[in-house]
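Sequence lines, in order, name chains A and B.
Numbering follows our numbering, with no gaps: position 208 of the first sequence is 208.
Numbering follows our numbering, with no gaps: position 693 of the second sequence is 693.
Source of the hints: derived by calculation from the structure; they are not laboratory data.
Glycine included, C-beta positions come from ideal geometry on N, C-alpha and C.
Take these hints with a grain of salt, some might be off.
Think about it this way: if two alpha-carbon atoms lie no more than 30 Å apart in a straight line, the pair counts; the simulated BS3-like pairs of lysine-lysine are [said to hold, decoys possible]: (1) K73/A with K152/A; (2) K73/A with K40/A; (3) K198/A with K175/A; (4) K96/B with K40/A; (5) K40/A with K152/A; (6) K52/A with K148/B; (7) K40/A with K198/A; (8) K40/A with K175/A; (9) K152/A with K96/B; (10) K73/A with K84/B; (11) K615/B with K520/B; (12) K615/B with K84/B.
Quick list of simulated restraints, FRET-style, between CB atoms [as the list claims (entries may be wrong)]: (13) K175/A with D251/B: 38 to 44 Å; (14) N64/A with Q581/B: 29 to 35 Å; (15) P82/A with Q72/B: 56 to 62 Å; (16) D251/B with S191/A: 43 to 49 Å; (17) Q72/B with V102/A: 31 to 37 Å; (18) R522/B with N64/A: 49 to 55 Å; (19) K58/A with D553/B: 27 to 33 Å; (20) Q110/A with D134/B: 21 to 27 Å; (21) G211/B with V102/A: 51 to 57 Å; (22) P236/B with K175/A: 44 to 50 Å.
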Amino acid sequence: MTMTLRKLAACAAFFAVFTAANTVAEAAAPVAQIQAALTKPAVMCGRFDQTKQLTGIKKPLLSNGRFCVAAGKGILWQTLQPFPSTLRITRNAIVQMQNGRVAMRLDAQQEPVVKMINNVLFSLLAGDLSQLDKLFELDGAIKNGNWNVALKAREPGLAKAIGDIRLEGAAFVNKVIMQEASGDHTEIVFSAIQTGDKAMTAEEGAMFD
Amino acid sequence: MTEPVDKHAGTSGTPPGKSLRGAGRALALAWLLVVAVLLGHNAYLWLVQRASPDTDILALLPSSRHDDVMQQAFVHMVDSAQQKVVVLIGEADWDKATQAASAYEAVIRKQPALLQPMAGDAAQLQGDWLASFDRSRLMLLTPEQRSKLRSDSPQQWSQLALGNMYGAFGGPKLGAWQDDPFGLFSGWVQARAQETPVRPRDGRLFVESGGRSYVLLLMNLQQSAFSISAQQQVIPLLDQAGRAAKQAAPDAEIITAGVILHAAAGSQQASSEMATIGAGSLIGIVLLMWLTFRSLKPIALIALSIAIGCLGALSVSWLLFGRLHLLTLVFGASLVGIAQDYAIYFLCARLGTAAQIDSRTLLRRLLPGLALMLLAAVIGYLGMALTPFPGLRQMAVFSVLGLLFAWLTVILWFPALIHADTLRSTPLADRCSHSIGRWPRFHANRNGYLLAAVFAVLAAIGLMRLTVSDDIRALQKTPQRLIDDQIKLGKLLDTPTPAQFYLVRGDTAEQVLQREEQLKQRLQDLIGKKLISGVQAVSNWVPSQRQQHADRDLIAATLLTPQGPLAAIAAAIDEPAQWVQDMRQRLSAHAEPLLPQAFIDSPAGQPWRHLWLGKTGAQYATQYASIVAVRGLNDYRQLPLLAAAAAPADGVQWVDKVADISAVLHYYREYMTWALLAAYFTIFLLLTLRYRRAAWRAIAPPLLATLATLALFGLTGQPLQLFHVLACLLLLGLGVDYGIFLQEPTDRHQRFSWLTVGLSAISALLSFGLLALSNSPPLHAFGLTMLIGMALVWLISPCFRGAASSSSSPHETRQ
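Chain B with its partners taken away, still in its complex shape (with noise of 0.2 Å):
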């Protein structure tokens, strides 16, 4: 920045200068082709491929870290309810409550292309769905059965069938006397359709509790349940259904679940806050330009470079890595926003030089610093790239591109599209930038040690308070209606979590079933505790070939030996042998083993589709596998018992989503802060090749106010997230520009530089520091650190500028 031919320079008109302007106007033509190639290629990307970004936060992690198996189980979990919304509506009188339930189907109805309402088990009711389970009757068990198989009398079996066979309505029985004559299959049928509160009646699906009969409605989604158009129409048609059902029945309880409102909930705070904080900080930005400048050309200008900035690392990170996640997107983009500093610093020495020096000559003298500021950032985000999570590879890679886009930008075009006379200083601004001079500046002397050895105390308190939050939960935020019907339904109808389950792999379908059967009776005891009410298994209805084959053995040779309990009851109802014989036959037919892959895709096996992943993995390795959802789980302290029942060695997994998440969190906040800690040490050894033992001037006022934000937090209370550690990284961008501009070795310099931070330190307060405001805890947390930080970097800075000499060249010095 103080290179001689500055002041040389700005005589003009030197043949070196006009090669100069010649070189620069072909580089910014050629600049212009790179942008309209980026402009097509993101067009063709996001209008012809429609590429979208991925959203799963665990393709965020290492890939040995990543299971396919896994990833698959959450997905058909995740699957077979995002698309989903169940309606519950209740009355103390269920003639009500289907009036009700009638009037709101007759509302969803009209709109078939957004909701569907489901068949439910009215065909099940009608189809045989039994039919599947009929001939391998002899082959299924319950635990109390086979227990009582084991202890029972043939006596006691004998008196049970004869109960049976007088009774005139001896308990629930299916079909025939003879076909089942000890209710064995019977009470089969019995414990699996205990596995759901919910029962057919009058054609609907029933649920009763606390003296409410309830109507299920499930009715499916249409359209994406995360596409904002499909949340503005079905929202409304589901209130006004939910209106036309009160009007049926005014005391009728409504409880509404799904993704979709979850998701229209986050969609509808998103875009109220967009609009009052993106609108605020829009207006501030433009008014604080125009206070400056009294022109709009600068802030287009800003926003011109950021903007190439963002394309091309689009463009580029999409060919590099073939997809970006949505996180990238985020990070990345505000990152990028480092970019503004390349930008305002131009423009703010544009107005601090002399109109005789043309733009061209003002940037040679402004590249080294513009240089130096690249390469630092750059360098920062380098330590990002060599973590092993994909997700800061991508951030990295991506925020770098940005940078080096916008700085191109400024490089190459803003010579050409500013003139000495395209802004104009105001007062403000002029005062702004003099203030420089009456501004306190550290001393190392006794006072300044003093107040070195204050805020070291003060901020090591404050440190060594700061907790640590890693848990998903702690990142969303949603209405608590929401929460209320959702945790209602969930006990209504003892649905299992979606995001906590089993999973059991096995190199055959069989395996698998005996490893569920094994895992189902390690959980014997839990349920027994009453931590869980049960699981949700497919071995439940399709028990292993082994298990199968031991319960026609135990029949056998309990109830179908020639002398057991059907000698008896013939002797009772005076039959011949031979219909003993004939029983026999008959019961022993009814043995064709029952196989899952045939379970699941009868009709009987649709509700637990979702449970049987069959086979997976490679050709090479295949593999089978299957979940085993819980139900009844309402206290999440006791999930370690449930992650203790699993055993891995015996391909039993216990997985747990929400702590994968948080696992994922604490990761990349770990590597982020390391990263972080690497930046400013890389950062300083830079520094300190330009500026030798000045350097610390540089970077004291990033990792000042890093310092004392995180301290803050730690009095106040507030954990750190990841989102923290993300501020803090753009603090370091942005302060150690800050850091740059202002040890300029002249007074006049370090004016226009005070100025650039000015602007620059209101601009981010403005774009990233009202994110404060927002409800979203995540961008509450990035916001909060960028409004603390950025006002107290652009406080410190000042302290610690380098010594300037008041000397300046009067030729320099604006008529």
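One chain only, chain A, in its complex shape (with noise of 0.2 Å):
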């Protein structure tokens, strides 16, 4: 149940900082510096590039797709290669598809975290940031534009489940890496970032709905 929480409110935060790293209200004067280069969008859609390591798999595994998010709505993470796959994260429920049938489903009404997860989630795209520096030292640097911040969970139980996060980027996140203590490493690359009305495909609009 613990663990449960632990990935799902880590998860929450990593897209808090990823979609709206920019308003770290009372954090260290970088964060504060961070927040102010980073744009506020109500949409932002683009390509992310994902590699991981997996503790017991030799070659590093290689993934790419779209990903959206929007504002007061929820996040869709569509992986299309190496093979099609799609999370949707809204107020409601966490629902994986995978070959079109649903392969994970979490509702709000049955775990009350869902709706945790979404509340500190669009409480964070409001620009309201602290909820993620409840849960997380944040200690960022910023050079010419491009900054980076670590985030670590303030609770040992949580920093020991997700272990440490990073981010990199400009004007928007660029870069996330994850390291888990059970050895497993994540790096995922964005580009191609596109924000407004039409960055979202109607598609994906209906998605959300």
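Each chain sits in its own coordinate frame; assemble them with the hints.
Right, dumping it as structure tokens:
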């Protein structure tokens, strides 16, 4: 139960930072500057390239796809290569689709943490990063508009479960690095970021409804 | 009462009178010694031994019906809840809710001797509580996973594993991918998490409902929930903490629940009623005695006789039974109230007797009547002692002893304590006693029969409409605010009901777990119909060995075969056959059987300890037992369906504490009714021995008053309870006394008998009848019966007085 929470909270925190690491209210001065450097679009879409290094598996696992973040709605994470799969996080549920089948579904009604994640997420999208500050110690640096932030969970249990998260970026978040205690390592690079009403396709918009 | 010796003894000074006086003094001194011993024994019992009466109502059942394991199960459930105070602080904004919670806790923490906040899940969050399951990953599956393993193809499983592998956030996963490639263990943990809606959040416990976020605070009471001094400290502390929370967040909703709140509401009600009803009846009785005797000595003497009666009953009953039930004390003490009649009778007789006749001589004249009164009461109560119910036996013995001790006090002490000049007649007493002459009398003529017929018809109509109710819930009156909070809290936390559950037994722990699993299977139907939302059971966490091995075999046969999904994954990520071999070994290593006792002893098992009774019973018949608690039950009309799911043959028993207590009340009401009828019959036989054909005159007043009272309840739709029947028994005891008093053969004797009846009836009305004003349903029922019944007995009894001659010896008349 708590492990589940840790993971989900970690995901939430990650998304929060990734989408809108722009308003760290009471954090250290560099963090405030990073916040100022970030733009705050209502809708943002782009390409991601992910490299995963799992313990027990020799070769790195490469995947890529498309992501969308819509303020007040949620997050869409569509993996295209090596095989298609879609993750959708909204107010009411977290759903993973694979081959047209629901591979995983967490309903907010069944699992209160879903709502909590969304609450955290959406409050952060609105520019309130106090939630994040509560969960993580933020340590950042900025130089010539390029910045990086290291996140360390305040709770030892949480820290043990999610390990270290590191963000790099400029006007947007460009890179996320996650190092788990189990040895699993993930790097995600974002590119071709579009903002505004036309960033999201009609099909993608429909998936939020 | 009419022995010839009376009239001659009045001349006094005869030698037999002297020896009588000497013997009387010796007996009075002996009685003083007995009373001193009683006082000492009571002091020892209550002050040194700190004896406390039984309060468990099921202990009142005959021992054959009494089930020790069931009792233990219930104690287990109740104890886990009794010393807890649960508080939910809700706000639309989580931050404000936590601020309010912090303010609340800050107040509580100042009084660590009263309440201590429980660590909650904070310790769990840090400690690796899943460690106890880690070695048994392969043995644990949810029912959904089982059916998926049977239905889904190897290809679907390999795709799922690859999805988990590539996904950035492939749902909740625990540890490295290679330890749970198919997400089975995560899914099982997720299912366990859903047994409660409470989640840790920011180091606090969190519940979400209706757009509000609630902080859950659990506190442990450091003193007994039933200690009145603890209640008087804890309730204001909780109120103060609530105000502090409101100050921090004005819109915060605060929901509080705990046994202590109910207990405090009960004692508060009782103490405020004690103050008003108690003071009212005390003032009334003192005033009454003052107006009658112009002295407070009589009341002191009446109280003395009743007090010694109670002390004696307590001491001897305790020695006989080794324990006493609270109910025995309550009803026993009230039945000992009949003892007032002995004292009042003696006092009134003294008042109505010439001063030349000394008290000892008077006593000798009164003795046959007093003996008959005692005998009638003792015989009446012995019927209760013959029932198989330990509580009724205790009550009967307690009451008989109490009456005996009070009676002996009157016999042995009153002649020495009360002299002709102790009491002075008052005009009021005179007027009252003379009113008997003008009172209508029942005559066996045409009008009399007509009256009897009308009464019979009305009573029959009323009695036919009489309904009964043994529902324990009708006996509780809890403030609505507390009930509302309780219901809200139950819904928010999805807590199981502590009063209804399944008790599962078996010869071994394994058998208990297997039976739990079979029971859960049968309950699936009810969960599907949404009658209940689920169950809490140890087997949810620790399946039986049979199930664990079956699950391990299922996983091995579907996911761990050499050519199964692992091989497909290896091909997709370009790993050699050795990798498949390593993975199979790695996953198969987590197959250590999980055992219930180890789980219960682990930190993860701590919240579920109340469900596992473990080893029970005597050495030669060792049994294991557990509790399966039901969650989300909100329609209590569906209880029979839940009861039907238990198959007693398989060691599963449905326990409904509410129904059990109601059943106790039902048995007691029935047996008490039979005891009441038997008492009427035996007392009537006894009276026949003395009064021959006039015996019906003595028994008619309580009988008619009782019938009229019950008929009235029938007509007004008030259902009959145990407490009404108990009052009827008291009504019989007092009413027969009045009947006996009023069979005096002369006008003059009838006059002081009538005064006795009046005093006794008004005292009974003031002490028992005023309980009708109580807010506590049992006391109200008892009081109302007494109020109506006593008033009727009082008014009816003179109608059946014996035919009296107006002759009276002039020298006995007061100057």
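The hints, checked one at a time:
For the hint pairing K73/A with K152/A, the CA-to-CA distance comes to about 27 Å; that is within 30 Å, so the pair holds. Between K73/A and K40/A, the direct Cα distance comes to roughly 15 Å. Compliance with the 30 Å bound is thereby established for this hinted pair. For a cut-off of 30 Å, the pair hint linking K198/A to K175/A stands: about 23 Å separates their Cα positions. Restraint check for K96/B and K40/A: the C-alpha separation of about 27 Å stays at or below 30 Å, so the hint holds.
Under the criterion of a C-alpha separation no larger than 30 Å, the hint pairing K40/A with K152/A is consistent with the structure, at around 24 Å. Proposed proximity of K52/A and K148/B is supported: the alpha carbons are some 28 Å apart, at most 30 Å. Between K40/A and K198/A, the direct Cα distance comes to roughly 16 Å. Compliance with the 30 Å bound is thereby established for this hinted pair. Taking the CA atoms of K40/A and K175/A, the gap is near 17 Å; set against the 30 Å cutoff, the hint holds.
Distance hint between K152/A and K96/B is fulfilled; the C-alpha atoms sit about 25 Å from each other, no more than 30 Å. Proposed proximity of K73/A and K84/B is contradicted: the alpha carbons are some 41 Å apart, above 30 Å. Between K615/B and K520/B the CA atoms are separated by roughly 22 Å; this keeps the pair inside 30 Å, and the hint holds. Between K615/B and K84/B the alpha-carbon distance is near 26 Å, which keeps this suggested pair within the 30 Å criterion.
A C-beta distance of roughly 42 Å is found between K175/A and D251/B, which places it inside the suggested range of 38 to 44 Å. For N64/A and Q581/B, the Cβ-Cβ distance of about 31 Å falls inside the hinted range of 29 to 35 Å, so the restraint holds. Our hint of 56 to 62 Å for P82/A and Q72/B holds, since their Cβ atoms are close to 59 Å apart. Here the CB-CB span from D251/B to S191/A is close to 46 Å, well matched to the stated 43 to 49 Å.
The given range of 31 to 37 Å is broken by Q72/B and V102/A, whose C-beta atoms sit roughly 46 Å from each other. Range check, R522/B to N64/A: Cβ separation about 50 Å, and the 49 to 55 Å hint holds. Separation of K58/A from D553/B is about 31 Å and conforms to the stated range, judged on CB atoms against 27 to 33 Å. Distance hint check: the CB atoms of Q110/A and D134/B are about 25 Å apart, consistent with the given range 21 to 27 Å.
Hint check: G211/B to V102/A, Cβ distance near 27 Å, so the stated range 51 to 57 Å is violated. About 58 Å separates the C-beta atoms of P236/B and K175/A, a value inconsistent with the hinted range of 44 to 50 Å.
In this structure, the hints that do not hold are numbers 10, 17, 21, 22, in rising order.
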